[in-house]
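For the record, the sequence lines run as chains A and B. For the first sequence, this note's numbering gives the first residue as 1, with consecutive numbering after it. For the second sequence, this note's numbering gives the first residue as 431, with consecutive numbering after it.
Hints were generated in silico from the structure; no laboratory data involved. All of these numbers come straight from a predicted model, not from anything done at the bench. Treat each hint with caution, since some may be false.
As the list claims (entries may be wrong) - Think about it this way: if two alpha-carbon atoms lie no more than 20 Å apart in a straight line, the pair counts; the simulated SDA-like pairs of lysine to any residue are:
1) A:LYS144 - B:PRO555
2) A:LYS370 - A:THR254
3) A:LYS144 - B:ALA478
4) A:LYS92 - A:ASP58
5) A:LYS92 - A:TRP197
6) A:LYS370 - A:GLY84
7) A:LYS144 - B:ILE541
8) A:LYS144 - B:GLN570
9) A:LYS144 - B:GLY470
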Amino acid sequence: MTHGSRLRVPALTRVEGEGGLEIIVSGGQVTEARLDIYEPPRFFEALLRGRRYTEPPDITARICGICPVAYQMSACAAIEDACGVTVPDPVKALRRLLYCGEWIESHALHVYLLHAPDFLGYDSGIHLARDHPDIVVRGLRLKKAGNHLMEVVGGRSVHPVNVRVGGFYRAPAVRDLRALLPELEQARRDAAETIAWVSTFAFPDFSRDYEFVSLRHPDDYPITEGRVVSSGGLDIAPAGYDRHFTEFQVPHSTALHSVLDGNTYLTGPMARYSLNSSRLPAEIAAAARAAGLGATCDNPFRSIVVRAVELLYACDEALRLIGGYQPPDPPAVEVEPRADCTGYGCTEAPRGLLYHRYSIAADGSITDAKIVPPTSQNQRAIEADLRAFAATRLELPPERLTEECEQAVRSYDPCISCAAHFLDLRVSRT
Amino acid sequence: MTLVIGIGNADRGDDAVGLVVARHVRDAAPPGVTVRELDGDQLALLDAWDGAADVYIVDATWSDSEPGIVRRFDASAPLGGGFQHRGTHMFSLADVIELARALHRLPARVIGYGIEGAAFELGAPLAEETEAVARAVADQILHELWAAEGAGERDVPGNRRRHHRDP
Chain A
1 MTHGSRLRVP ALTRVEGEGG LEIIVSGGQV TEARLDIYEP PRFFEALLRG RRYTEPPDIT
61 ARICGICPVA YQMSACAAIE DACGVTVPDP VKALRRLLYC GEWIESHALH VYLLHAPDFL
121 GYDSGIHLAR DHPDIVVRGL RLKKAGNHLM EVVGGRSVHP VNVRVGGFYR APAVRDLRAL
181 LPELEQARRD AAETIAWVST FAFPDFSRDY EFVSLRHPDD YPITEGRVVS SGGLDIAPAG
241 YDRHFTEFQV PHSTALHSVL DGNTYLTGPM ARYSLNSSRL PAEIAAAARA AGLGATCDNP
301 FRSIVVRAVE LLYACDEALR LIGGYQPPDP PAVEVEPRAD CTGYGCTEAP RGLLYHRYSI
361 AADGSITDAK IVPPTSQNQR AIEADLRAFA ATRLELPPER LTEECEQAVR SYDPCISCAA
421 HFLDLRVSRT
Chain B
431 MTLVIGIGNA DRGDDAVGLV VARHVRDAAP PGVTVRELDG DQLALLDAWD GAADVYIVDA
491 TWSDSEPGIV RRFDASAPLG GGFQHRGTHM FSLADVIELA RALHRLPARV IGYGIEGAAF
551 ELGAPLAEET EAVARAVADQ ILHELWAAEG AGERDVPGNR RRHHRDP
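Full structure from sequences and hints, please.
Here's what the structure looks like:
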């Protein structure tokens with residue numbers, strides 16, 4: 001690459017959505033890295049205004065086919081908060097179990113078919129499957145276990161239909177959940193093998209000084225509830241989110257960027273792990289250490305190891321929850337709107353913190369809605385990392401630089417469908 | 431076993447066309463033909479067609495082509511770029527077929543129909559023009575299914591109904 005040029009990757013593959021990446025080089029320095037998200041934004045927030053307070057779990061689940069449960073859970077949490085309702089523990093446990101299914105299927109897909117091929121020199125998961133079918137079969141088996149769990153608890157795996165404000169339409173039978181145990185036991189073994197497998201990959205030496213943001217729960221590794229904390233000392237209830245996090249428009253993206261008290265931050269598996277590794281069961285913490293992870297992880301390329309650890313955790317947690325399962329009776333509590341109330345909900349989507357806020361009128365209609373997905377929050381961190389990463393690789397041939405930058409972006413498992421829709425990489429030099 | 435699979439999202443306009451074709455086929459398929467609908471995750475095809483030897487797949491396509499154009503393909507050969515779409519967690523139909531081929535999980539015969547949609551907005555219904563194309567594709571699949579059963583043209587249930595209405 002020469003001084004003063006522009007590398008453009010118009011189609012970034014193996015990320016969810018459509019868009020691109022543009023890196024601008026001037027005078028031998030990377031001056032700009034932009035995620036260009038060019039599909040029109042989804043107007044879900046506007047769509048929700050005027051709808052019944054019971055509708056967001058079903059409507060927002062349609063934002064993403066990969067993490068519908070996350071949308072349903074954050075929506076339920078926010079609406080129940082607005083209505084002053086706390087759901088009973090059995091409902092909470094069943095929600096956490098459903099969420100485990102989504103973590104398993106989402107992480108298995110990303111680790112095996114989207115990210116691992118980068119480390120092994122394959123163009124795609126299909127190419128990997130041709131040479132290593134047993135490995136890909138293991139990944140598909142894991143994903144299927146997650147899908148089955150979502151089907152049994154959520155009614156179906158793509159857009160679950162059993163979730164409602166206050167709980168579930170029906171509680172799964174004990175025997176139906178117990179029937180999943182052999183498959184989940186196998187999934188746990190597969191997940192453990194996944195950790196050992198990905199830990200052997202060669203990771204670029206690329207550590208970053210992140211401000212991590214995730215939920216934190218007093219006892220558990222966070223999935224469905226907790227306070228919003230950061231490595232910079234933030235510690236707030238979800239209701240305080242808007243006082244610290246600000247979204248704003250940038251010219252090159254139709255997805256909003258987000259800052260924490262004016263600063264770039266990162267959410268997602270690395271943040272969750274770094275802020276909560278002490279909450280992992282001892283056996284899983286030991287597996288993480290054996291895979292080379294410390295108490296924190298600041299190399300985005302190693303996020304594949306963190307995802308594998310979370311895969312194991314989700315399998316383990318699903319087995320624990322099924323073992324202690326008592327069907328919630330009734331499966332849902334009644335939730336009635338209060339006059340002019342506002343509620344806040346945060347849960348941990350596979351890709352990171354997902355914030356919902358709803359204001360509801362006395363007649364139960366939604367007067368205001370705000371949804372902040374993890375990829376939207378991570379855009380600035382991804383751009384900052386790309387600037388630093390590309391700066392050390394400007395002497396590479398353009399094709400190689402493009403490949404490496406694409407790999408770097410895939411480390412964050414961005415879901416542009418959630419942030420807006422569709423993402424493409426361009427490096428430009430002037 | 432013969433299997434017909436319609437793929438699509440019922441809530442995104444013409445993306446639902448595969449599901450609509452599947453429902454039409456189900457109404458008049460020969461006994462023993464199984465019809466399934468898949469919503470979204472195309473990797474689910476790997477399990478959906480497990481054990482089937484003869485599979486028809488119907489999905490919406492989105493390209494620069496005229497809406498309503500129907501592409502028929504035989505998965506015995508790689509599909510190529512026309513049926514791929516980039517940048518998604520949701521693997522394209524072409525990706526899933528090639529993944530299945532790599533894993534030796536591709537049924538002996540897979541025939542696909544891609545129907546070019548016009549609009550894919552969330553919450554939109556299927557366009558009237560696309561509905562008409564769905565009917566025509568369903569009739570074509572039914573014709574192939576009944577022909578495989580040894581039935582003549584007039585024995586196909588859909589054709590009999592049409593003949594009665596329009597003698």
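Consistency of the hints with the structure:
Restraint check: the Cα-Cα separation between LYS144 (chain A) and PRO555 (chain B) comes to about 31 Å, which exceeds 20 Å; the hinted pair is violated. Simply put, LYS370 (chain A) and THR254 (chain A) have alpha-carbon atoms about 16 Å apart, close enough for the 20 Å limit, and the pair holds. At most 20 Å may separate the alpha-carbon atoms for a hinted pair to count; LYS144 (chain A) and ALA478 (chain B) meet this at roughly 12 Å. For the hint linking LYS92 (chain A) to ASP58 (chain A), the alpha-carbon distance of about 18 Å falls within 20 Å, and the restraint holds.
A hinted pair counts as satisfied when its Cα atoms are at most 20 Å apart, and LYS92 (chain A) with TRP197 (chain A) does not qualify at roughly 33 Å. A C-alpha spacing of about 19 Å is found between LYS370 (chain A) and GLY84 (chain A), which places the hinted pair at or below 20 Å, so the restraint holds. The straight-line distance between the Cα atoms of LYS144 (chain A) and ILE541 (chain B) is roughly 25 Å, outside the 20 Å bound, and the hint therefore fails. The suggested pairing of LYS144 (chain A) with GLN570 (chain B) is violated, with an alpha-carbon distance near 33 Å, which exceeds 20 Å.
Taken as a hint, the LYS144 (chain A) and GLY470 (chain B) pair is honoured in the structure, with Cα atoms around 14 Å apart against an allowance of 20 Å.
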